[in-house]
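Mapping of the sequence shown onto our numbering: position 100 corresponds to residue 100, and the numbering continues sequentially without gaps.
Read the hints as simulated data drawn from the structure, not as lab findings. What you are looking at is a predicted structure, and each value in this text was computed from that prediction instead of being measured. Watch out, some of these pointers could steer you wrong.
In silico EDC-like pairs for lysine to aspartate or glutamate, Cα to Cα no more than 20 Å straight-line [what the hints assert, rightly or not]:
hint	residue 1	residue 2
1	Lys90	Glu15
2	Lys42	Glu24
3	Lys63	Glu84
4	Lys98	Glu55
5	Lys90	Glu55
6	Lys44	Glu15
7	Lys90	Asp51
8	Lys89	Asp48
9	Lys87	Asp101
10	Lys90	Asp101
11	Lys65	Glu55
12	Lys63	Asp118
13	Lys76	Asp48
14	Lys89	Glu15
15	Lys65	Glu15
16	Lys44	Asp59
17	Lys98	Asp23
18	Lys65	Glu84
19	Lys90	Asp118
20	Lys98	Glu84
21	Lys65	Asp101
22	Lys90	Glu24
23	Lys90	Asp48
24	Lys13	Asp101
25	Lys65	Glu115
26	Lys87	Asp51
27	Lys87	Asp48
28	Lys13	Asp23
29	Lys65	Glu127
30	Lys89	Glu35
31	Lys87	Asp23
32	Lys98	Glu127
33	Lys63	Asp23
34	Lys76	Asp29
35	Lys42	Asp23
36	Lys89	Asp51
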Amino acid sequence: MPRERRIRYDFMKIEGQINHFTDEYAYLDPNHPAEFIYFGGKWKSIQDAYDNLVEENFDTHRKLKLMANIVYQCYKQNYAMAAELLKTKKMWIQNIVKNHDNFWHNCSCFDCFIEDGDNYYGRILMEVR
């Protein structure tokens with residue numbers, strides 16, 4: 001008898017998904033305006049902090065750790081955003097874009113549709129949640 005294929009992340013008991021950071025989920029976008037203090041500076045958004053703190057020689061692990069710390073601090077200091085993030089409960093969070101960004105998001109263009117993106121930003125949001 002053949003083995004049944006396991007769905008990735010089935011241990012998380014995913015209930016629904018968020019595929020775009022627009023409309024009611026615009027607050028999930030890293031460029032969404034949300035002031036917070038991190039690492040001695042006041043930042044306008046998650047993307048603003050990341051762009052100014054990341055260095056070219058950072059390996060993948062350091063980039064992910066930096067982004068995770070920034071996202072955590074942003075949501076910790078912005079209660080309304082944190083409350084909205086908690087409302088997503090067990091939903092899978094990803095941003096499907098068409099900009100070849102398969103590291104932070106999932107690109108859905110013709111050239112990238114074959115491979116799944118790493119969706120590290122969405123994973124960090126789910127971890128912070």
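Starting from Lys90, check that the Cα of Asp101 is at most 20 Å away, please.
24 Å, violated
For a C-alpha distance cap of 20 Å, please report whether Lys98 and Asp23 respect it.
Measuring from Cα to Cα gives roughly 18 Å; hence the hint holds.
Take a quick look at whether Lys13 and Asp101 sit within 20 Å of each other, Cα to Cα.
This hinted pair is violated, its Cα atoms lying about 26 Å apart.
Against the 20 Å threshold, does the CA-CA distance of Lys90 and Asp51 hold or violate the hint?
Status violated; Cα separation ~29 Å.
Holds or violated: Lys65 with Glu115, Cα cutoff 20 Å?
24 Å, violated
Lys42 paired with Glu24 [C-alpha distance capped at 20 Å]:
Given that 20 Å is the threshold and the Cα spacing comes to 26 Å, the pair is violated.
Does Lys87 pair with Asp101 here, judged by a C-alpha cut-off of 20 Å?
27 Å, violated
Would the pair Lys44 and Glu15 pass a check requiring their Cα atoms to be no farther apart than 20 Å?
32 Å, violated
Assess, step by step, whether the Cα of Lys87 is no farther than 20 Å from the Cα of Asp48, and give holds or violated.
Between Lys87 and Asp48 the Cα gap is close to 25 Å, so the pair fails against 20 Å, i.e. violated.
Taking 20 Å as the top limit, are the C-alpha atoms of Lys44 and Asp59 close enough?
Violated, at roughly 25 Å.
Between Lys98 and Glu55, is the straight-line Cα distance small enough, at 20 Å or below?
Between Lys98 and Glu55 the Cα gap is close to 25 Å, so the pair fails against 20 Å, i.e. violated.
Hint check: Lys63 vs Asp23, CA-CA at most 20 Å. Holds or violated?
28 Å, violated
The structure does not agree with the numbered hints 2, 3, 4, 5, 6, 7, 8, 9, 10, 15, 16, 18, 20, 23, 24, 25, 26, 27, 28, 30, 32, 33, 35 and 36 stated previously, though it agrees with the rest.
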